[in-house]
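K.L.:
Put the complex together from the two separate chains, hints included.
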Amino acid sequence: MSLPPSLRQSVTPPELELIACQQLVEIVPLISMEKTAFISGAYGPLRPPHRAKIPIWMAVNLKQKKKCHIIAPVWLTVEYLQQKLTQETTQAHFTQLPFRFAEISRVLLDVASDDLQNPDKLRTLLKDLREARQAKARAGLENLEHSTLGLSNLSAMEINEIRPFFIQAMAVLGQLQPVFNKDRNTV
Amino acid sequence: MSNWAAQYNRSRSTHAPAALLQDEEDDDDPMPPAIEQEPEPEPEPETPLEQLTRHWMNERHAPDILPVQDDLLGKLLDHIRRQSDTIQLLRGDPSTSEEEHIRIMLAQTEVERVKFVVRSYVRTRLFKIESYARYIVANEDVQTRITTAERDYASRHAQLIDRHFHNSVLQSLPESQTALDDTPSFMPSMVTEPDTRRAVFAHALRNTVARTPDGKTIDLAKGSLTLIAFAAVAELITRGDVELV
Chain A
1 MSLPPSLRQS VTPPELELIA CQQLVEIVPL ISMEKTAFIS GAYGPLRPPH
51 RAKIPIWMAV NLKQKKKCHI IAPVWLTVEY LQQKLTQETT QAHFTQLPFR
101 FAEISRVLLD VASDDLQNPD KLRTLLKDLR EARQAKARAG LENLEHSTLG
151 LSNLSAMEIN EIRPFFIQAM AVLGQLQPVF NKDRNTV
Chain B
1 MSNWAAQYNR SRSTHAPAAL LQDEEDDDDP MPPAIEQEPE PEPEPETPLE
51 QLTRHWMNER HAPDILPVQD DLLGKLLDHI RRQSDTIQLL RGDPSTSEEE
101 HIRIMLAQTE VERVKFVVRS YVRTRLFKIE SYARYIVANE DVQTRITTAE
151 RDYASRHAQL IDRHFHNSVL QSLPESQTAL DDTPSFMPSM VTEPDTRRAV
201 FAHALRNTVA RTPDGKTIDL AKGSLTLIAF AAVAELITRG DVELV
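Going down the list, the protein sequences come from chains A and B. Residues 1 to 187, numbered by the UniProt record's numbering, are exactly what the first sequence covers, in order. Residues 1 to 245, numbered by the UniProt record's numbering, are exactly what the second sequence covers, in order.
Same shape as in the complex, but just chain B (with noise of 0.2 Å):
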């Protein structure tokens, strides 16, 4: 029993308790037409277990690999850990209680929750690294987004792949035709690059000013929801203006 006090203390050092009190969703609800007239409440901050959600619905939507937030998954990680120690160590004690049964499943289910949001977000990445191998690795700004991991991944992947073609078909045609990466014209390109100009639905946390690839100025008022390219949104997704929903 004390190891969920001590597990407690250690967990509201680190970050405020905002289970209690009202989430950042929470203030999407309307307020009964009675109390309308208050103003509205400070946002609490956002837990590790929040900003990995919103991450991985932004990575989920966004047609291009996004900034990897491998600082909250290592948190998140370490937390998932330390909670199934407990719940292991308190599994094998015998002298648990009824009580204690029920939170033991109750922790092991939010384990089993937050271990699929983690593989779900590292999924999706992975995705997005196989499909834009090739591009990757020709391409610096991308390899900043990425974890060095990954960037080998992606170099591996693009080297299977090649050598595979080569293998099966490449080889047999003349030698002028077995390049991988022409750029013929009126064509795209054989490196398949993400496409930025996608639409997505952006939803703006504050009040912020999209550009398009157009050259239009578009106003973004907080809590709106707009349909528009991801080239215009990509910078205050990453700086956390906006989010995709």
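Looking at chain A on its own, in the form it has when it is part of the complex (with noise of 0.2 Å):
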């Protein structure tokens, strides 16, 4: 009714994707702009060949229309995630990898696939982390209790895959724990 039923259990993916453009990606632009006043802050001047700083949906829209270059951010290279993926296959934690590392690479590799060094490797490698944490994130379920579970260092699409389970499996844990309630209303 509000609110369709498909969005009541947990947030969708394009919903994540819509948070995680709102950061700031560095761009190379083709085209001039003056300062411009947005809702979200000041962007700009834009001057070629200098680079700037400008929202991830923003540098999208731009290099649709083919006005300006994307630079990857630092943790978007091979080097780092090959690195990232050896400590991850050696550690029983998990590393610590941007936050919304998933929803970014994902829109940077849709739009600016050219802008950036090996593709192919970098797609190949974040698929190699994914599985990776998804391990991991299965092995902890053990460690799942009724009242609470610490998990450092999860990505926000990880935790949006896990979310629905997570959250039921501890429900039941709770019913089948005893539970000494004197009073209802106390927290």
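Please note that a few of the clues may not be correct.
As a list, the in silico BS3-like pairs of lysine-lysine whose alpha-carbon atoms are at most 27 Å apart [what the hints assert, rightly or not]:
| hint | chain 1 | residue 1 | chain 2 | residue 2 |
| --- | --- | --- | --- | --- |
| 1 | A | LYS53 | A | LYS65 |
| 2 | A | LYS63 | B | LYS115 |
| 3 | A | LYS121 | A | LYS84 |
| 4 | A | LYS63 | A | LYS127 |
| 5 | B | LYS222 | A | LYS84 |
| 6 | B | LYS115 | A | LYS67 |
| 7 | A | LYS66 | A | LYS121 |
| 8 | A | LYS53 | B | LYS75 |
| 9 | A | LYS84 | A | LYS53 |
| 10 | A | LYS35 | A | LYS63 |
| 11 | A | LYS35 | B | LYS222 |
| 12 | B | LYS115 | A | LYS65 |
| 13 | A | LYS121 | A | LYS136 |
| 14 | A | LYS63 | A | LYS121 |
| 15 | A | LYS136 | A | LYS84 |
| 16 | A | LYS127 | A | LYS84 |
| 17 | A | LYS136 | B | LYS222 |
| 18 | A | LYS35 | A | LYS65 |
| 19 | B | LYS75 | B | LYS115 |
| 20 | B | LYS75 | A | LYS35 |
| 21 | A | LYS53 | A | LYS35 |
| 22 | A | LYS53 | A | LYS63 |
| 23 | A | LYS35 | A | LYS66 |
| 24 | A | LYS35 | A | LYS84 |
| 25 | A | LYS66 | A | LYS53 |
| 26 | A | LYS53 | A | LYS67 |
| 27 | A | LYS53 | B | LYS115 |
In silico negatives: residues of chain A with every beta carbon more than 12 Å from chain B [said to hold, decoys possible]:
| hint | residue |
| --- | --- |
| 28 | ILE71 |
| 29 | VAL111 |
| 30 | LYS121 |
Just so you know, these hints were derived from the structure itself, not from any lab. All C-beta atoms in this analysis are idealised placements derived from N, C-alpha and C, irrespective of residue type, glycine included.
P.N.:
Here it is as structure tokens:
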């Protein structure tokens, strides 16, 4: 009704992309533009060939009209991801990655694959990283108990994937646990 | 062209141009190993849009209704209206150049994005109000967290549903069975309450302490992610120490 059933349980990936695209990315503009006031802040001036920082949604828009070149963020390089992948496969806990790396890398690979070095290798590395982390998340399910679970360094998309299942599992475990409720209203 | 400059000056006076500098979300990005020794830079204050995005996500994940942010909403709605007026003005003006068209297009895209977030926020709240309409009408505490308009909406919705049930089914039942707020033993009451024991993913923005319904106290380090009952972090969310992810 107010909220369609598909949105009631969880956040959808396109919504996560919307939030991720509010972050800034560096570009090399091909057109010039004065400093403009948008609702999220003022961006510009764009003076080619100087670099500028603008939100990802703006960069994607300009890139699709062939008016800029996107510069890859520091973490979207083969060396960095390779290093993280070896760390991920050797350690038991999750390595630290940018919180919204899955959404941002998908958007940039879709739109600006010619601006990134070696996009196919990047795609394979990201896929391997995702599989390694998913395996760890599944293993972490064993530690699930009825009250809390600490999971640092998970990214937004991964949390979204495991959310429905983990929440339900915790609810069931909570029901199995005897609860000493003196008064229903105390929290 | 002067409209943009005037707007820029006005927006500059109201909030810092945080967009040109690192915004708060970038603090999650790890620095490359060479510079790891530097102390963490102070996060810039959040822009209104970032605040609304945070409240929107909190509202989506929380099982209960969170306090309404009507002044934040009001500010953003004013800003949207001003931007739309400027866009209309510049579109109608025949002297706009090619570069101007790009700026107009970008501004329009952004207005649509912000309107989406505002709409989704209001819709999420309305959905929760509709689900818990009778509970809201009966409970004073929740009424402090919603606007007057939302409260009226809740009571009208509850009355409509009651009348519908009466006219369709309940009037044919014997008198003692026609109540809609029974509390039978061993079963949850007929008035649905928000389930505050549901687990949520809490991301701590500052070092805080959470108290679970079982009585355990949990330390939340800054930047950590915990799966915890909503009741334990409800106050921390209101204070802004924790956000739901």
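K.L.:
Now tell me, hint by hint, if it's right for this structure.
P.N.:
Against the structure, the hints:
As the CA atoms of LYS53 of chain A and LYS65 of chain A are separated by approximately 18 Å, the hinted pair is consistent with the 27 Å bound. Only pairs whose Cα atoms come within 27 Å are accepted, and LYS63 of chain A paired with LYS115 of chain B is accepted, the gap being roughly 24 Å. A distance of roughly 14 Å separates the Cα atoms of LYS121 of chain A and LYS84 of chain A; the hinted pair therefore holds under the 27 Å criterion. Our distance criterion of 27 Å between C-alpha atoms is met by LYS63 of chain A and LYS127 of chain A, whose separation comes to about 25 Å.
For the given pair, LYS222 of chain B sits about 23 Å from LYS84 of chain A by alpha-carbon distance, which is consistent with the 27 Å threshold. Among the hinted pairs, LYS115 of chain B with LYS67 of chain A is consistent with the structure: their alpha-carbon atoms are about 26 Å apart, no more than 27 Å. About 24 Å separates the Cα atoms of LYS66 of chain A and LYS121 of chain A, which keeps this hinted pair within 27 Å; it holds. Of the supplied pair hints, the one linking LYS53 of chain A and LYS75 of chain B holds, its CA atoms being roughly 25 Å apart against a limit of 27 Å.
This hinted pair checks out: LYS84 of chain A and LYS53 of chain A have alpha carbons roughly 26 Å apart, not beyond 27 Å. Between LYS35 of chain A and LYS63 of chain A the CA atoms are separated by roughly 19 Å; this keeps the pair inside 27 Å, and the hint holds. At most 27 Å may separate the alpha-carbon atoms for a hinted pair to count; LYS35 of chain A and LYS222 of chain B exceed this at roughly 35 Å. For the given pair, LYS115 of chain B sits about 24 Å from LYS65 of chain A by alpha-carbon distance, which is consistent with the 27 Å threshold.
For a cut-off of 27 Å, the pair hint linking LYS121 of chain A to LYS136 of chain A stands: about 23 Å separates their Cα positions. Between the alpha carbons of LYS63 of chain A and LYS121 of chain A the distance comes to roughly 22 Å, so the proposed pair stays at or under 27 Å and holds. For the proposed pair LYS136 of chain A and LYS84 of chain A, the alpha carbon gap of about 15 Å is at most 27 Å, so the pair holds. As the CA atoms of LYS127 of chain A and LYS84 of chain A are separated by approximately 13 Å, the hinted pair is consistent with the 27 Å bound.
Between LYS136 of chain A and LYS222 of chain B, the direct Cα distance comes to roughly 23 Å. Compliance with the 27 Å bound is thereby established for this hinted pair. Restraint check for LYS35 of chain A and LYS65 of chain A: the C-alpha separation of about 20 Å stays at or below 27 Å, so the hint holds. Simply put, LYS75 of chain B and LYS115 of chain B have alpha-carbon atoms about 13 Å apart, close enough for the 27 Å limit, and the pair holds. Taking the CA atoms of LYS75 of chain B and LYS35 of chain A, the gap is near 22 Å; set against the 27 Å cutoff, the hint holds.
A hinted pair counts as satisfied when its Cα atoms are at most 27 Å apart, and LYS53 of chain A with LYS35 of chain A qualifies at roughly 12 Å. Between LYS53 of chain A and LYS63 of chain A the CA atoms are separated by roughly 14 Å; this keeps the pair inside 27 Å, and the hint holds. Proximity of LYS35 of chain A to LYS66 of chain A is assessed by CA-CA distance (about 20 Å); at most 27 Å being required, the pair is judged to hold. The suggested pairing of LYS35 of chain A with LYS84 of chain A is violated, with an alpha-carbon distance near 38 Å, which exceeds 27 Å.
Only pairs whose Cα atoms come within 27 Å are accepted, and LYS66 of chain A paired with LYS53 of chain A is accepted, the gap being roughly 17 Å. Distance hint between LYS53 of chain A and LYS67 of chain A is fulfilled; the C-alpha atoms sit about 14 Å from each other, no more than 27 Å. Using a Cα cut-off of 27 Å, the hinted pair LYS53 of chain A and LYS115 of chain B holds, with the two alpha carbons roughly 24 Å apart. With 12 Å as the threshold on Cβ separation, the claim that ILE71 of chain A sits away from chain B holds: the shortest Cβ distance comes to roughly 15 Å.
Separation of VAL111 of chain A from chain B is adequate, the least Cβ-Cβ distance of about 14 Å exceeding the 12 Å criterion. Distance check on LYS121 of chain A: its Cβ is at least 19 Å (rounded) from any Cβ of chain B, clearing the 12 Å threshold; non-interface status holds.
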